[in-house]
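Respectively, the protein sequence lines represent chains A and B.
So for the first sequence, numbering that gives the first Met the number 0 puts the first residue at 0; every next one is plus one.
So for the second sequence, numbering that gives the first Met the number 0 puts the first residue at 0; every next one is plus one.
No false leads were mixed into what you were given.
Straight line, CA to CA, 25 Å or less: simulated SDA-like cross-link-like pairs of lysine to any residue:
| hint | chain 1 | residue 1 | chain 2 | residue 2 |
| --- | --- | --- | --- | --- |
| 1 | B | 202 | A | 279 |
| 2 | B | 138 | A | 284 |
| 3 | B | 43 | B | 259 |
| 4 | B | 101 | A | 289 |
| 5 | B | 202 | A | 250 |
| 6 | A | 138 | B | 282 |
| 7 | A | 202 | B | 276 |
| 8 | A | 101 | B | 284 |
| 9 | B | 138 | A | 278 |
| 10 | A | 202 | B | 274 |
Across the chosen pairs, the derived CB separations fall in these ranges:
| hint | chain 1 | residue 1 | chain 2 | residue 2 | range |
| --- | --- | --- | --- | --- | --- |
| 11 | A | 197 | B | 44 | 33 to 41 Å |
| 12 | B | 197 | A | 119 | 40 to 48 Å |
| 13 | B | 45 | A | 260 | 49 to 57 Å |
| 14 | A | 106 | B | 103 | 52 to 60 Å |
| 15 | A | 119 | B | 13 | 57 to 65 Å |
| 16 | A | 28 | B | 132 | 50 to 58 Å |
| 17 | B | 24 | A | 260 | 57 to 65 Å |
| 18 | B | 64 | A | 288 | 22 to 30 Å |
Hint data in this document are derived by calculation from the structure and do not stem from the laboratory.
No residue lacks a Cβ here, since even glycine has one placed at the ideal position from N, Cα and C.
Protein chains: 2
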Amino acid sequence: MLRVCYNAAMSKDTIKIALIQHACGTDSATNVNTFCDMATEAAKQGAELIVTQELFASQYFCQVEDESRFDLAEPIPGPTSQRMCELARSLGVAVSASLFEKRAAGMYHNTSIMVDRSGEIIDRYRKMHIPDDPRFYEKYYFTPGDLGFRVQQLPGAGVTTGMLVCWDQWFPEAARLTAMQGAQLLLYPTAIGWYHGETEQDKADQLAAWQTIQKSHAVANGVYVAACNRVGVEDDLTFWGHSFIIDPAGHVIAEAPQGEPAILTAELDLSRIDTQRRGWPFLRDRRIDAYQPLTQRLLDQ
Amino acid sequence: MLRVCYNAAMSKDTIKIALIQHACGTDSATNVNTFCDMATEAAKQGAELIVTQELFASQYFCQVEDESRFDLAEPIPGPTSQRMCELARSLGVAVSASLFEKRAAGMYHNTSIMVDRSGEIIDRYRKMHIPDDPRFYEKYYFTPGDLGFRVQQLPGAGVTTGMLVCWDQWFPEAARLTAMQGAQLLLYPTAIGWYHGETEQDKADQLAAWQTIQKSHAVANGVYVAACNRVGVEDDLTFWGHSFIIDPAGHVIAEAPQGEPAILTAELDLSRIDTQRRGWPFLRDRRIDAYQPLTQRLLDQ
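Just chain A, with the same shape it has in the complex (with noise of 0.2 Å):
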């Protein structure tokens, strides 16, 4: 657990973030090459923070339970791990990327890198909540994490950064945990989209819920939360793009389009987050004498 750091004097006040949403193919090789060139073009546009959308390197391999699967992952360090970094150093930006971990001899987890703009791995995350429902069998390929929430100083880029994944969105306790370790910018790499088997009103539902859930964290914990999906179809699902970045005040800043891909990026003044929890001061008026319960699964008796 790093500690926080809410002295301004010892950041600067702005960082611009990119987030790359694209399609992704059956070879893994023309993703990552799809992402490098992507992020080589958002670091020409002034990125210090480049992202991935979840598990870049592949579809989306979870819509059915298939042993060969596993042969995805790769350990971290491993040759996808090596090239964000190798990209990185070029580029002079940090990059957060979104990996398929192979551990252990059948312990796989699915798990976020953050590289520095030196091209050092200073923190990795794994995904702490695991989602298991039809065409995505999470439960099957991924151990759940055991590093827990966590935050990461970005040296040089100024910026304290809290790495979630997917899953993660929908639970508040994640975004607060990590807020509460000092992150300003929560970041979700996503693989979310319709099954084609849904309503038009499901559909409007869920991309509406997807958005309100996270723009929550931002308005609870007064911090600045981007989340990067991927678009294209696979299979039974299409994926919905939608990647977006939300100020503190819960206001949409950036949002890019539903079925193509994208370099959104965005300028965030960091000072922006003392000015809105003074304004919307929360943290100061948590219960935390009432919270113990939180632990348990269900208060039934």
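Given chain A, put chain B in place with the hints provided.
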């Protein structure tokens, strides 16, 4: 803490609720009469549970710190709570009322009571999270609640409610702890408005954030949420109304206007809670092994 009942056979599937949004003048008797008249109309429209706005019997007296304003408080039971009991019994409906409670000499609470349709007070909740900002000097008036987060099983109405109050709405922990006890419907009587010196952008952001955070409680917990806010200009504030009712998907199913009184009703289909939670089983996947630090103020070392 009441026992959770998930046995559908023990409850009917729908309940019609009404939120009463109105302006308040300086005469408490008139304010209470206004509510009773509107509640009577709501009952004629079929409402089975009727909800007041926050501190509905008076103007929002917390805009200044003035010792004489403690005179507005009453014990519970007391005149206003008895009036609510008579109203509930005469109409044959449940009433959730937000009151300024005098508990003892020098100890006052912002308290909600639940009156069942027979006219009995079956539960009370004392506001747990207390704000304090310019023009909202609640820490001066209200001792923080000591009854914890609670649910109310309504005899006859077939619904389990969770009474919360205003500032509680900004805390995901409060919604979660109430839903975990089996609440199907979270109630937030509210007194929120715009300070006249704010910019139009700030005003828009505040209203949007207020809606977002409460929608997020519906989404995160798979419950109905209802917020009842006042209207009218009182001193430096214009209360913005916009009372609303949200379904477990986070969809607004009823919304009152900004500047006018309203009887806002909706029929809630309680079977949708199970449907929603089957589709998005967030409660299944909480990482309770990692939530202990939520009982800390900040994780800064």
